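Chain by chain, the residues:
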Amino acid sequence: MPTAMQAATPTSPRIELRGITKIYPSVVANKDISLSVMPGEIHAVLGENGAGKSTLMKIVYGVVKPDAGEMRWEGQPVVVANPAHARELGVGMVFQHFSLFETLTVVENVVLALPGKPPLGPLAQRITEVSERYGLPVDPRRLVHSLSVGERQRVEIIRCLLVNPKLLIMDEPTSVLTPQAVRKLFETLRQLASEGCSILYISHKLDEIQELCTGATVLRAGQVTGHCDPRQETPKTMARMMIGKDLPHPQHGAPNVREPRLVLAGLSRASPDPFGTDLQDMHLSVHAGEIVGIAGVSGNGQQELLAAISGEEPLTEKHPILLCGEEAGRMEPGARRALGLCFVPEERLGRGAVPRMSLADNALLTAHRQGYVKNGLVRFAAVEAFARQCIDGYNVKCGGPQAEAKSLSGGNLQKFIVGREMLQQPKVLVVAQPTWGVDVGAAAFIRQKIIDLRNEGVAILVVSEELDELFEISDRLVVIAKGRLSPAKPIKETNVEEIGVWMSGMWPDAGDAEHRSPAHEEAHHATQA
Amino acid sequence: MQLKLETRAEPSRLMGWLAPLFAAVLTLIAGFILFSALGRNPVQAFYTFFVYPIRDLNGVAELLLKASPLMLIAVGLACGYRANVWNIGAEGQLTLGAIFAGGVALYFYNSESPLVLPLMIVAGAIGGMLWAAIPAFLRTRFNTSEILTSLMLVYVAVLLLSYLVHGPWRDPQGFNFPQSRQFTESALYPMLISGTRLNASFLLSIAAIAVGYLFLNRSFLGFQMRVAGQADAAARYAGFDARRMVWLGLLIGGATAGLAGVGEVAGPIGQLLPSVSPGYGFAAIIVAFVGRLHPVGILLASLLMSLLYLGGEAAQMGLNLPSAITGLFQGMLLFFLLGSDVFINYQLKLVRASAPAAVAPLGATS
Amino acid sequence: MIDTLVPIFAATIAAGTPLVFAALGELVTEKAGVLNLGVEGMMLIGAIAGFATAVTTGNLWLGTVAGMAAGAAMSAIFAVLTLNLMANQVASGLALTLFGLGLSAFVGKPFEGVSLLREGAPSLPLLGDLPVLGPILFRQHYLVYVSWAVFAAVSWFLFRSRAGLVLRSVGESPDSAHAIGYPVIRIRWLATLFGGALAGVGGAFLAVFYAPMWVEGMVAGRGWIALALVVFATWRPARVMVGAYLFGGVTIAQFFAQGGGIAIPAPFLSALPYLATIIVLVVISRNVATIRLNSPVSLGRSYRPD
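For the record, the sequence lines run as chains A, B and C.
Heads up, the first sequence is in numbering that gives the first Met the number 0, so the first residue is 0 and it goes up one at a time.
Heads up, the second sequence is in numbering that gives the first Met the number 0, so the first residue is 0 and it goes up one at a time.
Heads up, the third sequence is in numbering that gives the first Met the number 0, so the first residue is 0 and it goes up one at a time.
Hints are all accurate, no fakes.
Straight-line alpha carbon distances no greater than 25 Å define the calculated DSS-like cross-link-like pairs of lysine-lysine that follow:
#1 A:396 with A:448
#2 A:183 with A:204
#3 A:448 with A:405
#4 A:183 with A:481
#5 B:348 with A:405
#6 A:235 with A:204
#7 A:491 with A:448
#8 A:448 with A:235
#9 B:348 with A:30
#10 A:426 with A:317
#11 B:3 with A:405
#12 B:3 with A:30
Footprint (simulated), chain B over chain A, 3 or more residues, beta carbon under 8 Å:
#13 305-313
#14 359-372
Since the hints were made in silico from the structure, they are not lab data.
Given the structure is predicted, the values throughout are model-derived calculations rather than measurements.
Every residue gets a Cβ at the ideal spot worked out from N, C-alpha and C, and that includes glycine.
Generate coordinates for the entire structure from the input sequences, incorporating the hints supplied.
Written out as structure tokens, the structure is:
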């Protein structure tokens, strides 16, 4: 068996894939994929959600076994038996959904991925050394659940760097970072590459790839649609390779803003969850006919804020939340929906929809107020008709109203859930991560529907970690950081740079209790009204 | 070549119904092997176990008599289980139902009022619900696992009954035996088929199946409970009150178990004894699962389980085997069912051991 | 005063020992993310297997080993169902208990009323002669000392060894453990077998040394109490020991109370351990944050690597 120790000619690629194929019962994840990466090259694997990028990387890392194809490591054919074997070869991987253990310390997390039995004390020392060398500060003795998302990613990277990798796989690493942190990460990656480490960089963000990578392989629906040098391309040409057509852009008119419909008037709450974020004195108002976006790095209180607004975790006081003029802080979700609130949550399976239930049953889940329950019994035929309306009106590709939610692709299920909420004539619509993990076509469709609804006079609050998306659809933006909300800014008066700074919690007068933001003012008017 | 489980794209509805049949067949095969291993002629043993008990009207009546509490409790438990409320203390709730009904019967000992039996029925249901309310309260108020509390309360209930029949409620003319007086006519269910022990409580059980069907499969509340059981975050998101689901799940199970307790003391037993049930409360858990938490399935499964009880008794007399063999068969049935269920979501595939897996030097990860 | 308390404490240790074994075993199983509610059934099978072997061979240690093997075999059924066939862990655990009840009653019929020579508890040299502590701690059955060794070993394994760290990581997040290359299913199998083996030993101790006899259903809820103890202990071995002896004490207290002529009807005293279980569960689980921080995150959830 070839090992990492064997000498390789400098011209042979660090890794080469030939004809990799992986078939799942319902989908062909990878079909006949070939690519090669040279030492010191930062190579992008580009493709939209569901194109098969993650599966391919799991194959390289030995987590998933390919059905066919060959892999060469420094010129020698190799079969990666499992991740430990991959690490032995010199492959490190930073997962999109981190593979960290929350109740263990940083150093325990690191030791789990290292060969042999290194003692923890010296290892902590090494972690500190590596973290300083690559500008990735982290305290090795802290418990992972107390770390921010960005810090967790650093732990994952350090974990890979400790074994001096020859190939580092980064799976969508920037989705959890502020624009400034992305720049910092790129510096680290370039430093690594200059030391001879190859990097496989998985992303669907074209501008990032252009900035960082020196080679790219584009995937679409599990197949390679082209190789290119991103520095020679434009985002538009790469988008063509990625989705087969031009990137769609939603139509956006000027807003016609009316009365405030959703007002946060000093919303504070200590999180009951020891791993959660406390919300502090939040002020915001969302008016009929506008879209307000909340930007922020995940884990800064978005979950807690959404649960407080939706009523899944009601407050103990009434006044901090005003919904269509009513004090709604203590109301249960049902009462808030009765006032006209609809909500698309972040998790589709298990929260927005019950995985093992039919689409019809999932329509009933929140739409039962539309007269689908009579004398305590469900009017199944009427529910099914409503589900069909969702399916037809929102282009949901599925096997009909009786298809299980779990059998739909992410994009189609998201369209169904968005449709279900929008068809209930909401007065206020709250949407979390509207296009997370959704293919480009569905994402454009959903964004357009959100804008259409705003044009019909609905008050819309969008929480997203994708800044591009927020800039595309919002009328005003606020930033959430460490459980606090920034002042709101009209989209035309701000830019990615500024919002990026705010995302680390540094907006003007942050923490100054005397300061009154415009949103603050509005909230007061609304309370008095 | 090796066998491999592969996830189905869609769970198989057909397998959902076939799995219980598979389980029953596998149980029979295991029984065949078991009887042979015990040195009995398996064919004859099968006849004694599964056919002899229901050879005549009386046998069928006994089958229905024993199926009655099983289906009644199981349909109640199914409401809870669908909502992920694991009430496994039905045996205790049954005992409390028996105690409450027995208390009424003893209090109105000489009364011939036609209201005594209805009062017993109401009291029994309340008794079962009270006992189930304890785990419901502790779960909703203190987040305490209902699995453990409801089970612990079984022991407490049995000890309570033991105290009563040894002490305050002991039959004064009973030669110090731990038992109450025999209930009078007004405190007993009327017979359905003369010459047998099948009584009117069976009608109650059948009614429970029908109501259970309406509730579980047609009502909005039943839908809410299913959602709560399958995805609690979705239930919270939709605004279904989780605490209400816990209360309902436990109270319904408690009420049906209590009613089953009434059925025993106002039926075949006719008095309070230290033990009023041969483990119906536990067997009903199996019935609920084998019946797929569906009322029709439960009806069929209760008949099968009842036959296992009768078979056990017949095996004791005809084959000289301990009647505890019933428990063995019950356990096997549930094992086989849980095992067969895998085919609902997965299918067996014959795969060639592929080249990558073959050379794995550090061992495969699965 | 001391003279009356010493035998009570000594009896408490003995009464708590089956719980120590069963709860420590279940603790390890649960730390790997597997919730096996079949402890009661495994203890029963361990008890009858141990008792039957001890009676037929006349060798108590062979009986203990048989109990251990039988407990492990029972847990293997559970492991096949939940780890390989992805069955629901709650339902499978219940099935295991019901099956154990039936099987032990069936197999145990011929052994009812059979007596096994009571093995006198040996006194350890020197230690056994200590005042007060000697009779309480060091004149116990050898298996009691074994239980202490198991406690030490489990504590060391879980929190000081790398293998224990891996086991905890599997219980924490099987996905992550799989992603960095640990064989989740195999680790869970081993943890489940370990839990079954210890439950079997606990049952065997009960039937072979403590009682010593076989009565149908003689475990009498101890398996469930052991499950409750793991929660009560917030998944920490030292607290399991405290809890187990606490319950041993409650069991013993009722005998002494009855013997001491306290005017409470016997059934109420017998109900004490069960009521005590409920009370400790309430006290510990009302603090949601404590449970959340200490319980293995993936406890009770099936896992299937793709």
